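Peer 1: Single-letter residue listing:
2 protein chains.
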Amino acid sequence: MREVYQEQLGKLADELASMSTMVGTAMERATQALLETDLTLAEQVIEDDMQVDEARSRAEEHAFGLLALQAPVAGDLRTVISTIHAAEDLERMGDLALHVAKTARRRHPHPVLPPDVREYFSEMGRIAVKLAGRVHEVIRTQDVEAARGLEEDDDEMDDLHRHLFTVMMSPEWSHGVAAAVDVTLLGRFYERFADHAVAVARRVVFIVTGKMPTS
Amino acid sequence: MREVYQEQLGKLADELASMSTMVGTAMERATQALLETDLTLAEQVIEDDMQVDEARSRAEEHAFGLLALQAPVAGDLRTVISTIHAAEDLERMGDLALHVAKTARRRHPHPVLPPDVREYFSEMGRIAVKLAGRVHEVIRTQDVEAARGLEEDDDEMDDLHRHLFTVMMSPEWSHGVAAAVDVTLLGRFYERFADHAVAVARRVVFIVTGKMPTS
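If you're matching them up, the sequences are chains P and U in order. Heads up: the first sequence at position 141 corresponds to 141 in UniProt numbering, and the numbers run straight through without jumps. Heads up: the second sequence at position 107 corresponds to 107 in UniProt numbering, and the numbers run straight through without jumps.
Here chain P stands alone, though its shape is the one from the complex (with noise of 0.2 Å):
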């Protein structure tokens, strides 16, 4: 039962692995679509997500299955429990890789970003598919130091996001408002993408030593 029980649990890992892989390919194309205003990038992580959602359902389904036929107790039922909240995260961080991607498409052919941001937008893609990289890792190895790591890209994130506000809200902004709301709406979702990497890497800490980590 218990060999049975650890089977499926690992099973259940590896569809939350390959979710974070395909998570963070579809934040690097949306990046990439943004940056370089490329509706093909963005037109096809439009259409790959929903593999991202299929993912999910599939390792719900298993975490059903698991919990149904092996009726878990305690500390393993509650990790089932986070596998299901990961998968749901995961699947979140999906959603806002395809609004970055449908903000490029909608704007095509102009670019939505104006030159005095893309460096910043660059830098958080870049962040955002180095948590993705993170989460996969700390998944894989269950490592809580890695898990606490990303807490610290997340940090960089968040002063990225602050930074872009300085720029819009200064006087040498001159773009606009349609600008400043598709950049702030922007922001926010590679700030939120952050946010739910971080929550996976805790929910693997609460896996392996039993306690949710505090912010």
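Hints are computed from structural coordinates only; laboratory data are not their basis. Owing to the predicted nature of the structure, the values given are computational and were not obtained by experimental measurement. One thing to keep in mind: the hints can contain errors.
In this list, chains with the same sequence are indistinguishable; a pair is considered to hold if it fits within one copy or across any two.
What the hints assert, rightly or not - Straight-line distance between alpha carbons at most 16 Å, and here's what the computed EDC-like set of lysine to aspartate or glutamate pairs gives:
(1) K102 / E60
(2) K211 / E61
(3) K211 / E172
(4) K102 / E36
(5) K211 / E60
(6) K102 / E28
(7) K11 / E36
(8) K102 / E3
(9) K11 / D38
(10) K11 / D158
(11) K211 / D14
(12) K130 / E28
(13) K11 / D48
(14) K11 / E123
(15) K102 / D116
(16) K130 / E156
Following the hints, complete the assembly by docking chain U onto the known chain P.
Peer 2: For chain U alone, kept in the frame of chain P given last:
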């Protein structure tokens, strides 16, 4: 066994219903704080958010207890997991009311909203509070038709949200970029609040009918 299960599930529903009341009140007060530049009210919402988080923890603990002691399968298992998801949506609705209150506090004693969008937020606030009330009713009655009614309110919210962008993008917008950034984020908070309300209602439909409504 079955009776105990039903009784515990009933308690869980009570907790969700109580959370929906809390987040409805939070959004009502946050909107008033925003419209009236009321710092005391904003701070009350910020302080009270902890109660929503605690209610969510309690609901999740009870759901865990139910899973561990009753080991429900099939439909019952899905019901309990759905309540865990619903509690998460409701907590998120509380967070979004909190974000509105924090925005009001950040700009105090200045009003956040330029006069031309006040009416929009008054309406969005009204719909958000109505949605929280409907969520409460749906949890109480498990009425599938009432659950579908939320989609209409959500459409109304989306319409208002879209119009908000039109106002900001119009050449008549004279309030600059800083106000537009605030309005953009606030609009998103209300829109997401409505989305989560719809998500809770859908979970109730799922619990009652065994089928997740498609959007």
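Peer 1: One pair to classify: K102 and E3, alpha carbons no more than 16 Å apart. Within, between, both, or neither?
Peer 2: neither (44 Å within a copy, 49 Å between copies)
Peer 1: For K102 and E60, with the copy left unspecified, which applies at a CA distance of at most 16 Å: within, between, both, or neither?
Peer 2: Neither: 27 Å inside a chain and 35 Å across chains, both beyond 16 Å.
Peer 1: Treating 16 Å as the Cα threshold, decide for K211 and D14: within, between, both or neither.
Peer 2: neither (22 Å within a copy, 27 Å between copies)
Peer 1: Between K211 and E60, at a C-alpha cutoff of 16 Å, which is it: within one copy, between copies, both, or neither?
Peer 2: Between copies, since 15 Å is at most 16 Å while 23 Å is not.
Peer 1: Please sort K102 with E28 into within, between, both or neither, judging by C-alpha distance up to 16 Å.
Peer 2: within (14 Å within a copy, 32 Å between copies)
Peer 1: At 16 Å max between alpha carbons, let me know whether K211 reaches E172 within a copy, between copies, both or neither.
Peer 2: neither (47 Å within a copy, 53 Å between copies)
Peer 1: Can you tell me if K11 and E123 fall within 16 Å by alpha carbon in one copy, between copies, both or neither?
Peer 2: Answer is neither: 33 Å inside a copy and 47 Å across each miss the 16 Å cutoff.
Peer 1: Pop the pair K11 and E36 into one bin, within, between, both or neither, using alpha-carbon distances up to 16 Å.
Peer 2: neither (37 Å within a copy, 53 Å between copies)
Peer 1: Should K211 paired with E61 be assigned to within, between, both, or neither, using CA atoms and 16 Å as the limit?
Peer 2: Classified as between; 14 Å across copies, 25 Å inside a copy.
Peer 1: With identical chains treated as interchangeable, where does the CA-CA distance between K11 and D158 reach 16 Å or less: within a copy, between copies, both, or neither?
Peer 2: neither (33 Å within a copy, 39 Å between copies)
Peer 1: My question is about K11 and D48: at a cut-off of 16 Å on alpha-carbon distance, are they close within one copy, between copies, both, or neither?
Peer 2: For K11 and D48, the Cα distance exceeds 16 Å both inside one copy (22 Å) and across copies (41 Å).
Peer 1: When Cα atoms must be at most 16 Å apart, do K11 and D38 count as within-copy, between-copy, both, or neither?
Peer 2: Answer is neither: 36 Å inside a copy and 52 Å across each miss the 16 Å cutoff.
Against the hints set out earlier in the document, violations occur for numbers 1, 3, 7, 8, 9, 10, 11, 13, 14, 15.
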